[in-house]
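2 protein chains.
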Amino acid sequence: MTLNNTIEIDIVKASSSKIASVDFENLTFGNIFTDHMLICDFKDGAWQKPIITPYEPFLIDPSAKVFHYGQAIFEGMKAYKDENDDVWLFRPDENFKRFNKSAKRMAMPEVPENIFMEGLKTVVDLDREWVKKGLGNTLYLRPFMIATGHGVIAQPSSEYRFMIILSPAKSYYSGEVKVIIAEHYSRAANGGIGAAKAAGNYSAQFYPTKLANEKGYQQIIWTDDATHTKLEEAGTMNVFIRINDTLYTAPTSERILDGVTRKSLIELAQRDGLNVEVRSVLVEELVNAAKDGSLKEIFGAGTAAVVSPIVAFAYQGTEYQLPKIENSFASQLKEDLTKIQYKLAEDTFGWTVKI
Amino acid sequence: MTLNNTIEIDIVKASSSKIASVDFENLTFGNIFTDHMLICDFKDGAWQKPIITPYEPFLIDPSAKVFHYGQAIFEGMKAYKDENDDVWLFRPDENFKRFNKSAKRMAMPEVPENIFMEGLKTVVDLDREWVKKGLGNTLYLRPFMIATGHGVIAQPSSEYRFMIILSPAKSYYSGEVKVIIAEHYSRAANGGIGAAKAAGNYSAQFYPTKLANEKGYQQIIWTDDATHTKLEEAGTMNVFIRINDTLYTAPTSERILDGVTRKSLIELAQRDGLNVEVRSVLVEELVNAAKDGSLKEIFGAGTAAVVSPIVAFAYQGTEYQLPKIENSFASQLKEDLTKIQYKLAEDTFGWTVKI
Chain A
2 MTLNNTIEID IVKASSSKIA SVDFENLTFG NIFTDHMLIC DFKDGAWQKP
52 IITPYEPFLI DPSAKVFHYG QAIFEGMKAY KDENDDVWLF RPDENFKRFN
102 KSAKRMAMPE VPENIFMEGL KTVVDLDREW VKKGLGNTLY LRPFMIATGH
152 GVIAQPSSEY RFMIILSPAK SYYSGEVKVI IAEHYSRAAN GGIGAAKAAG
202 NYSAQFYPTK LANEKGYQQI IWTDDATHTK LEEAGTMNVF IRINDTLYTA
252 PTSERILDGV TRKSLIELAQ RDGLNVEVRS VLVEELVNAA KDGSLKEIFG
302 AGTAAVVSPI VAFAYQGTEY QLPKIENSFA SQLKEDLTKI QYKLAEDTFG
352 WTVKI
Chain B
2 MTLNNTIEID IVKASSSKIA SVDFENLTFG NIFTDHMLIC DFKDGAWQKP
52 IITPYEPFLI DPSAKVFHYG QAIFEGMKAY KDENDDVWLF RPDENFKRFN
102 KSAKRMAMPE VPENIFMEGL KTVVDLDREW VKKGLGNTLY LRPFMIATGH
152 GVIAQPSSEY RFMIILSPAK SYYSGEVKVI IAEHYSRAAN GGIGAAKAAG
202 NYSAQFYPTK LANEKGYQQI IWTDDATHTK LEEAGTMNVF IRINDTLYTA
252 PTSERILDGV TRKSLIELAQ RDGLNVEVRS VLVEELVNAA KDGSLKEIFG
302 AGTAAVVSPI VAFAYQGTEY QLPKIENSFA SQLKEDLTKI QYKLAEDTFG
352 WTVKI
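So the sequences go chain by chain: A and B. So the first sequence is numbered by the working numbering: it starts at 2 and just counts up by one. So the second sequence is numbered by the working numbering: it starts at 2 and just counts up by one.
Do not take every clue at face value.
As the list claims (entries may be wrong) - Part of the chain A face toward chain B, derived, beta carbon under 8 Å: (1) Phe-30; (2) Phe-59; (3) His-69; (4) Gly-236.
Unchecked claim - Listed next, the in silico DSBU-like pairs over lysine-lysine satisfying Cα-Cα at most 30 Å (straight line): (5) Lys-44/B <-> Lys-211/A; (6) Lys-44/B <-> Lys-171/A; (7) Lys-102/A <-> Lys-179/B; (8) Lys-98/B <-> Lys-216/A; (9) Lys-44/A <-> Lys-211/B; (10) Lys-98/A <-> Lys-211/B; (11) Lys-211/B <-> Lys-102/A; (12) Lys-211/A <-> Lys-105/B; (13) Lys-134/B <-> Lys-340/B; (14) Lys-179/A <-> Lys-211/B; (15) Lys-102/A <-> Lys-216/B; (16) Lys-231/B <-> Lys-231/A; (17) Lys-105/B <-> Lys-216/A; (18) Lys-211/A <-> Lys-102/B; (19) Lys-211/A <-> Lys-98/B; (20) Lys-216/B <-> Lys-44/A.
Claimed, not checked - Every beta carbon over 10 Å from chain A, so not counted as near; a handful from chain B, in silico: (21) Val-13; (22) Ser-18; (23) Lys-79; (24) Asp-83; (25) Asp-126; (26) Ile-244; (27) Gly-274; (28) Arg-280; (29) Gln-317; (30) Tyr-321; (31) Asp-348.
Simulated from the structure, these hints should not be mistaken for lab results. Computed from a prediction, not measured in an experiment: that's the story for all the values here. Glycine included, every Cβ here is placed at the ideal spot set by N, Cα and C.
Extracted from the complex, chain A is given alone in its bound form (with noise of 0.2 Å):
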């Protein structure tokens, strides 16, 4: 990636670290920031100057749009730590360009490349010891922007405030998960904001979540508002479905994400020569396959989760179990890809980029 010109970033260092009081074994996702963040305002509709500061509160108006009207966006990236010490972005592009996507469909200002690229390489660069070594540790990027412009008309705000803060992070599922689909609540509508990264979509998900989780299962496979018999996403992932040998994943649409952990792994098993289809699956399929013993795998793919293998699914009251598989896709999809983000395995694709 060439940036056309580089940025001037203001650098206000933290007194000292917190990374000594951190407990890089026992970390809860989302949890704990580093000790820097970059802020970026927009204003009299312009960009202005970037700085770094010690991660800390900030002051905002009561009326501020994003408390009234939820006009915010985010993404989710990771960097991750080869055994040189050196630390490495997966397909920062992608979210780049899905970020000003879900600008777009927000009616936020899109946010230029190189404040959003070299500010996110300057704040990891400065805070690089807080990416671990080693399989699994990872340092969470959270890139996002709110409407900080004053006043509760329902109206684009004028004012805008993009920011990243970064936290570490292992896994975002620990234990087995097991998921319940969609029967009444839905995730997106159509001609919705579904595939923005658009905070909004995701508080939608909370109630129905706790009712699953209420009921023993960590996620909601969502389907389709108007008919609830075809497969779309996960909460907080894309979904595949391993039928057989032939491995399905829905379609991107203005109702599902497109995700980077989603068409990454699309690639990784055309490269392996595995058979992928990328069409929408029937919850009838489903529950089929289950029955008749052709459904072999269901796993969860995204930034947070990675690949999360799914134990087990509900449908109208029934629970249907995955089998137990020697060589599952998910774990050898998942190998494929930690491998290049970890500079484990040749990056043939082009996809990691050094910090």
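Got chain A; can you put chain B on it based on the hints?
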């Protein structure tokens, strides 16, 4: 309304009032706030003591869940001043109930009635000079709740802030309102959060509304997302359609907000002996009625918009004008409603509550 127990509220008064600097004749909606605001935090599983402080920015963590997952809800209400300088609320119990319905759908804690109602009355009373006499002058009240808990894991927050801010207001729409009927974009999914006053519902409409604005239309009348054949609601108001002498409005549903103004107008129309039918109107019906001259009126109804007559609608690239009529249902119902709100007519419904 009786409250089981009154609550203590700590009050820190503003050292001086901003009121002298406000031009009450030239207000932009939702742009100026009064001297005070109410804050009540939820933490450790309980609502804390409410406080009233000067209106001012507050500190919040960059990882607060409201920024990342849009866990935020609000209400819109108004206070009115009568000729005796008494200040009145309109059906605040309806807003309170809907607020907690929204809270439940967004997996947020419900706000106790005494905090909501006593908080509202206390802060409005403190800033009662900001409620100006005269039809059309109001104080717009914005109770809202945001997720303030830290951490970027996609789960409901454990900490929240309930606030009430107040903004002097005249009408929401100045000038004529023209609308486009949605053909592609949608406001809400079946099984989604359309019936909640959730922040994310509003920013989701900004981009399609911007496209409509660019074509000269102020608002969109949303249609069902699956078929785009049924009329639902507009972005900031419910919609009433008069064909011949019958007034239609869509039934409330998971996709449609249960508007307080909407339900008040239905009751007023029934009292006045108008023929009101609560059912979905098809886009096709609307277009046919416009063509054969039986379409007499379309108007929006909402707290901010009050009753807003629509002068034209566009569908599939064709603009249809509404006729200019004497004695419109819109003006009759608006007069009925505002006379009750400003205590110029007897409130036989028991809708008004004195501060």
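The hints, checked one at a time:
no. : hint                    : in the structure
1   : Phe-30                  : holds (5 Å)
2   : Phe-59                  : holds (7 Å)
3   : His-69                  : holds (6 Å)
4   : Gly-236                 : holds (7 Å)
5   : Lys-44/B <-> Lys-211/A  : holds (19 Å)
6   : Lys-44/B <-> Lys-171/A  : holds (27 Å)
7   : Lys-102/A <-> Lys-179/B : holds (29 Å)
8   : Lys-98/B <-> Lys-216/A  : holds (28 Å)
9   : Lys-44/A <-> Lys-211/B  : holds (19 Å)
10  : Lys-98/A <-> Lys-211/B  : holds (22 Å)
11  : Lys-211/B <-> Lys-102/A : holds (16 Å)
12  : Lys-211/A <-> Lys-105/B : holds (11 Å)
13  : Lys-134/B <-> Lys-340/B : holds (13 Å)
14  : Lys-179/A <-> Lys-211/B : violated (41 Å)
15  : Lys-102/A <-> Lys-216/B : holds (22 Å)
16  : Lys-231/B <-> Lys-231/A : holds (23 Å)
17  : Lys-105/B <-> Lys-216/A : holds (18 Å)
18  : Lys-211/A <-> Lys-102/B : holds (16 Å)
19  : Lys-211/A <-> Lys-98/B  : holds (22 Å)
20  : Lys-216/B <-> Lys-44/A  : holds (26 Å)
21  : Val-13                  : holds (15 Å)
22  : Ser-18                  : holds (18 Å)
23  : Lys-79                  : holds (12 Å)
24  : Asp-83                  : holds (25 Å)
25  : Asp-126                 : holds (19 Å)
26  : Ile-244                 : holds (26 Å)
27  : Gly-274                 : holds (34 Å)
28  : Arg-280                 : holds (20 Å)
29  : Gln-317                 : holds (15 Å)
30  : Tyr-321                 : holds (22 Å)
31  : Asp-348                 : holds (27 Å)
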